[in-house]
Amino acid sequence: MEYLRLARVTVGYRKGEPILSDFDLTVREGELVSLLGPSGCGKTTTLRTIAGFLFPWSGRVLLKDKDYTRVPPHRRNFGLVYQNYALFPHLSVFENVAFGLRMRRLPREEIRRRVEEALRLVSLEGLERRLPGQLSGGQRQRVALARALVIRPELLLLDEPLSNLDAKLRAGMRTELKRIQRELSVTAIYVTHDQSEAMALSDRVVLMRAGRIEQEGTPAELYFRPATPFAADFMGFTNRFDAVVEAREGGELVLRAGRVRLRVRGEDLAPGTEVTVAIRPSSLRLFPPGGEGIPGRVVSHAFQGESVQYVVETGLGELVVVHPESTPRFSPGDEVVARAAPDEVAVFPRKEDA
Amino acid sequence: MLTTRKALLLSVPALAVLAAFFLVPLATTFIDSLREGGTWTIGRYVAVLSQRSFRVALIRSLKLGALVTAIAALVSYPAAYAISKLGRTKRTLLMSLIILPLMTNPVARTYAWFVVMGRHGIINQALLSLGLVDRPVKILYTEGAIAVGLLQLFLPLMLLSLVSALENVPGELEEAARSLGANGLRAFRRVILPLSADGLVIGGTLVFTGSITAYVTPAILGGTRVLMLSTLLYQKAMTLMDCEGATVVAVVMLLLAVGLNALLRRLRPREAA
Amino acid sequence: MRAPRSALVVLSLSLLFLLGPFVILFWSSFGTQASLAFPPEGFTIYWFKKVLGMRMFVDAFRVSVLLALSSTAAALVLGIPAAYALVRFSFPGKSFLELLFTSPIIVPGLVLGFALLRFFTAAARYPVSLRLFLGHMVLLFPYTVRVISASLRNFDPTVEEAAVSLGAPRWSAFLRVVLPNLRAGVMAAFILAFITSFNNVPVSLFLSGPGVTTLPIQMLTYMEYYYDPTIAALSTLLILFTVVIIQLVEKTLGLSTTLGG
Numbered sequence: 006m007e008y009l010r011l012a013r014v015t016v017g018y019r020k021g022e023p024i025l026s027d028f029d030l031t032v033r034e035g036e037l038v039s040l041l042g043p044s045g046c047g048k049t050t051t052l053r054t055i056a057g058f059l060f061p062w063s064g065r066v067l068l069k070d071k072d073y074t075r076v077p078p079h080r081r082n083f084g085l086v087y088q089n090y091a092l093f094p095h096l097s098v099f100e101n102v103a104f105g106l107r108m109r110r111l112p113r114e115e116i117r118r119r120v121e122e123a124l125r126l127v128s129l130e131g132l133e134r135r136l137p138g139q140l141s142g143g144q145r146q147r148v149a150l151a152r153a154l155v156i157r158p159e160l161l162l163l164d165e166p167l168s169n170l171d172a173k174l175r176a177g178m179r180t181e182l183k184r185i186q187r188e189l190s191v192t193a194i195y196v197t198h199d200q201s202e203a204m205a206l207s208d209r210v211v212l213m214r215a216g217r218i219e220q221e222g223t224p225a226e227l228y229f230r231p232a233t234p235f236a237a238d239f240m241g242f243t244n245r246f247d248a249v250v251e252a253r254e255g256g257e258l259v260l261r262a263g264r265v266r267l268r269v270r271g272e273d274l275a276p277g278t279e280v281t282v283a284i285r286p287s288s289l290r291l292f293p294p295g296g297e298g299i300p301g302r303v304v305s306h307a308f309q310g311e312s313v314q315y316v317v318e319t320g321l322g323e324l325v326v327v328h329p330e331s332t333p334r335f336s337p338g339d340e341v342v343a344r345a346a347p348d349e350v351a352v353f354p355r356k357e358d359a
Numbered sequence: 003m004l005t006t007r008k009a010l011l012l013s014v015p016a017l018a019v020l021a022a023f024f025l026v027p028l029a030t031t032f033i034d035s036l037r038e039g040g041t042w043t044i045g046r047y048v049a050v051l052s053q054r055s056f057r058v059a060l061i062r063s064l065k066l067g068a069l070v071t072a073i074a075a076l077v078s079y080p081a082a083y084a085i086s087k088l089g090r091t092k093r094t095l096l097m098s099l100i101i102l103p104l105m106t107n108p109v110a111r112t113y114a115w116f117v118v119m120g121r122h123g124i125i126n127q128a129l130l131s132l133g134l135v136d137r138p139v140k141i142l143y144t145e146g147a148i149a150v151g152l153l154q155l156f157l158p159l160m161l162l163s164l165v166s167a168l169e170n171v172p173g174e175l176e177e178a179a180r181s182l183g184a185n186g187l188r189a190f191r192r193v194i195l196p197l198s199a200d201g202l203v204i205g206g207t208l209v210f211t212g213s214i215t216a217y218v219t220p221a222i223l224g225g226t227r228v229l230m231l232s233t234l235l236y237q238k239a240m241t242l243m244d245c246e247g248a249t250v251v252a253v254v255m256l257l258l259a260v261g262l263n264a265l266l267r268r269l270r271p272r273e274a275a
Numbered sequence: 006m007r008a009p010r011s012a013l014v015v016l017s018l019s020l021l022f023l024l025g026p027f028v029i030l031f032w033s034s035f036g037t038q039a040s041l042a043f044p045p046e047g048f049t050i051y052w053f054k055k056v057l058g059m060r061m062f063v064d065a066f067r068v069s070v071l072l073a074l075s076s077t078a079a080a081l082v083l084g085i086p087a088a089y090a091l092v093r094f095s096f097p098g099k100s101f102l103e104l105l106f107t108s109p110i111i112v113p114g115l116v117l118g119f120a121l122l123r124f125f126t127a128a129a130r131y132p133v134s135l136r137l138f139l140g141h142m143v144l145l146f147p148y149t150v151r152v153i154s155a156s157l158r159n160f161d162p163t164v165e166e167a168a169v170s171l172g173a174p175r176w177s178a179f180l181r182v183v184l185p186n187l188r189a190g191v192m193a194a195f196i197l198a199f200i201t202s203f204n205n206v207p208v209s210l211f212l213s214g215p216g217v218t219t220l221p222i223q224m225l226t227y228m229e230y231y232y233d234p235t236i237a238a239l240s241t242l243l244i245l246f247t248v249v250i251i252q253l254v255e256k257t258l259g260l261s262t263t264l265g266g
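Residue numbers (my numbering), protein chains in the order written: chain E, 6 to 359; chain F, 3 to 275; chain A, 6 to 266.
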């Protein structure tokens with residue numbers, strides 16, 4: 006069911022320089038949607054427009070078919086979680102969480118009960134009287150989350166909430182965030198530039214680029230079937246070369262790039278179409294010379310813990326290949342052939358802008 | 003835009019007060035200095051400029067301002083350098099001692115020099131008892147006395163500017179310069195001086211403008227004979243009842259201060275605000 | 006790296022120059038002679054008793070304190086919203102406002118005092134106390150704007166937004182979240198402005214009038230006629246007062262926060 010809708014929203018900070026133009030976005034009830042993209046793509050602007058800190062120049066913001074376009078932020082009942090936590094430094098943990106409830110003039114007893122409940126939800130019981138300055142980064146983020154959830158928001162807006170935490174803590178908080186969001190079945194919008202975070206958390210990912218939606222879909226759709234070269238690049242399809250469609254055989258396309266022939270799972274492309282091919286380093290495998298594939302010579306290898314990264318010089322340019330192995334099977338100078346699993350290759354008709 | 007209206011709403015009270023009790027008085031003073039009998043004229047300026055007392059006061063103000071600024075800079079560099087090398091506790095203690103003259107009631111501060119420079123003051127007592135003079139020397143009510151008083155008031159300003167400038171010069175830089183073979187003086191000239199030039203310029207402007215417009219120090223230590231622009235202004239306005247002349251002096255002081263500040267902004271567009 | 010000995014010598018001499026007169030003044034305010042002389046003879050606290058019993062100084066002290074308190078409060082009331090507008094909003098004419106709001110510092114105090122005297126004489130019959138109040142408010146305003154702006158710049162705007170998102174209207178978010186966190190800045194601005202007003206001569210000089218005179222102006226007037234150590238005793242008291250304030254500031258806020266704004 007459609008829950009939140011941005012309809013043809015145009016918005017920006019300076020006159021004549023819109024960040025979003027005629028932007029559409031739909032979020033369904035109870036889902037967690039990530040706005041993913043590089044910095045400057047407009048994801049934070051989108052979030053601030055939804056929160057009400059930016060008013061659209063044109064277009065509308067609708068929640069459950071109610072028009073929110075001109076509703077000031079303090080009347081929206083959306084919970085916000087910031088990258089830097091934005092806790093009130095002069096108030097205790099309890100008072101931080103209670104703030105929204107006090108604004109709603111709830112009875113004292115209810116405030117106490119709901120704050121305790123919220124703190125239990127984020128496992129912070131017993132820290133009620135601390136000041137934010139006396140908490141660790143992870144604890145602060147939990148307070149920020151409890152503070153946003155305790156008002157029972159119609160929408161939870163998260164702006165890169167984990168990016169100030171160290172890697173280990175981040176992984177833990179990610180799981181917990183997902184659990185809490187499921188448990189409360191609160192509709193959430195999550196802004197991030199980290200594709201692995203978006204993959205791990207989201208029901209749906211909206212990949213943005215320069216104020217537009219580049220692609221939206223489930224994490225698996227984006228991960229395996231990027232729709233554009235930009236999406237492919239952002240999803241880690243870092244090996245790229247040009248090719249021409251030679252034939253269509255069954256469900257597969259035969260591509261020719263230089264003197265190399267490649268079979269990939271087929272898009273509906275006519276023979277003769279010029280295409281860009283994109284492959285993830287982990288989708289390529291190296292074999293001793295002979296047979297089909299892209300011939301080349303190993304230039305270097307680097308040990309990466311549970312895998313080895315090879316750089317291979319080929320007629321199509323340098324390819325990066327990541328093998329899940331703990332000792333390198335090939336050495337610099339070795340002649341090899343690189344093959345890709347046919348359904349892990351992305352193929353795009355070539356356009357001028359790509 | 004909505005935010006513009008809010009911002010203006012928040013600053014309107016201040017804007018109104020400053021317009022009424024700051025801009026209007028200054029503007030009318032300026033305009034009146036150029037008007038006589040309903041027409042525009044520079045007659046008042048010609049009249050005041052032709053007065054010897056004004057020229058003497060103007061030159062004296064500029065001269066003493068330059069002198070005080072130069073001495074303050076010369077003294078402050080080594081002193082500020084020494085402070086910047088001290089530990090935190092010592093530095094804080096020293097800073098609170100240094101700002102004492104700045105924060106003290108100016109009459110009390112200046113009066114202290116009476117006891118030092120007066121007829122029966124400490125200097126004259128010393129000179130007499132050493133037999134260097136046989137009558138008390140006149141020290142008060144001279145340009146020198148004014149300069150000393152101004153220096154005590156403004157040396158702290160220069161010190162503060164230079165200490166904060168020198169704190170921003172990384173110590174390693176100086177060590178690097180020395181390790182490359184520069185001796186102390188050259189390391190100073192090539193590394194520290196250029197990097198702290200901002201502090202010198204800001205401090206210098208503050209001290210110079212402050213010196214040429216200060217009132218209490220020349221009023222007490224210069225008396226009614228050794229006049230600077232400020233004491234001349236007061237004398238014209240309140241003793242001689244020459245309000246027109248006073249207006250001209252006021253405009254000259256205003257232009258000097260504003261001009262110097264504009265010059266500072268030009269030199270240091272970012273920091274000056 | 007340590008400072009060379011010569012630099013330390015210059016520093017010591019500077020301190021002697023800056024503080025020496027205060028020490029001498031302190032000493033001579035306990036002397037028994039009726040005119041200032043050095044070294045003072047005997048020991049008495051007569052001059053302190055005398056000055057504390059003098060109506061003219063006690064009244065002027067009261068005027069100065071009331072004036073400093075009221076004009077500082079007014080400058081804060083005007084300055085806090087103005088600083089908020091300058092720091093949090095961007096709008097056409099902002100740089101002009103910034104310049105205007107700091108310019109009373111640039112204009113020589115004596116010129117401001119003189120211009121205000123002409124204005125008050127020409128415009129309307131303002132009572133003397135109101136003239137002083139208005140003059141000092143204009144004088145102090147830039148200090149409050151500058152110090153409050155500096156501490157506002159250090160306060161993360163998203164914290165305020167968080168309060169708004171939790172249901173607080175802007176003004177309420179300001180009162181409940183921003184202002185409590187500006188406490189140090191407001192205190193610093195208050196002290197700086199209070200001292201500036203309490204010590205001011207050039208503006209008060211022209212605006213004081215019969216019956217309403219500030220302490221420094223009263224001291225100047227007294228010095229025109231008398232040379233006894235009364236003023237020395239009073240000055241000693243005022244210097245001690247300043248020392249106490251500096252210590253207080255240093256202990257509670259740190260000097261750099263107060264001066265560096």
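Note that these hints are calculated values from the structure, not bench results.
Some hints could be false.
As the list claims (entries may be wrong) - To give a feel for the contact side, a few chain E residues facing chain A, derived at Cβ under 8 Å:
| id | residue |
| --- | --- |
| 1 | 104 |
| 2 | 109 |
| 3 | 335 |
Stated by the list, open to error - Cross-link-like lysine-lysine pairs, in silico, DSSO-like; alpha carbons within 27 Å at most:
| id | chain 1 | residue 1 | chain 2 | residue 2 |
| --- | --- | --- | --- | --- |
| 4 | A | 99 | F | 87 |
| 5 | E | 69 | E | 173 |
| 6 | F | 8 | F | 65 |
| 7 | A | 54 | E | 20 |
| 8 | F | 8 | A | 256 |
| 9 | E | 20 | F | 8 |
| 10 | E | 173 | E | 183 |
| 11 | F | 92 | A | 256 |
Glycine included, C-beta positions come from ideal geometry on N, C-alpha and C.
Okay, the hints, checked on the actual structure:
no. : hint            : result
1   : 104             : 5 Å, holds
2   : 109             : 6 Å, holds
3   : 335             : 50 Å, violated
4   : A/99 <-> F/87   : 40 Å, violated
5   : E/69 <-> E/173  : 38 Å, violated
6   : F/8 <-> F/65    : 48 Å, violated
7   : A/54 <-> E/20   : 69 Å, violated
8   : F/8 <-> A/256   : 38 Å, violated
9   : E/20 <-> F/8    : 18 Å, holds
10  : E/173 <-> E/183 : 16 Å, holds
11  : F/92 <-> A/256  : 14 Å, holds
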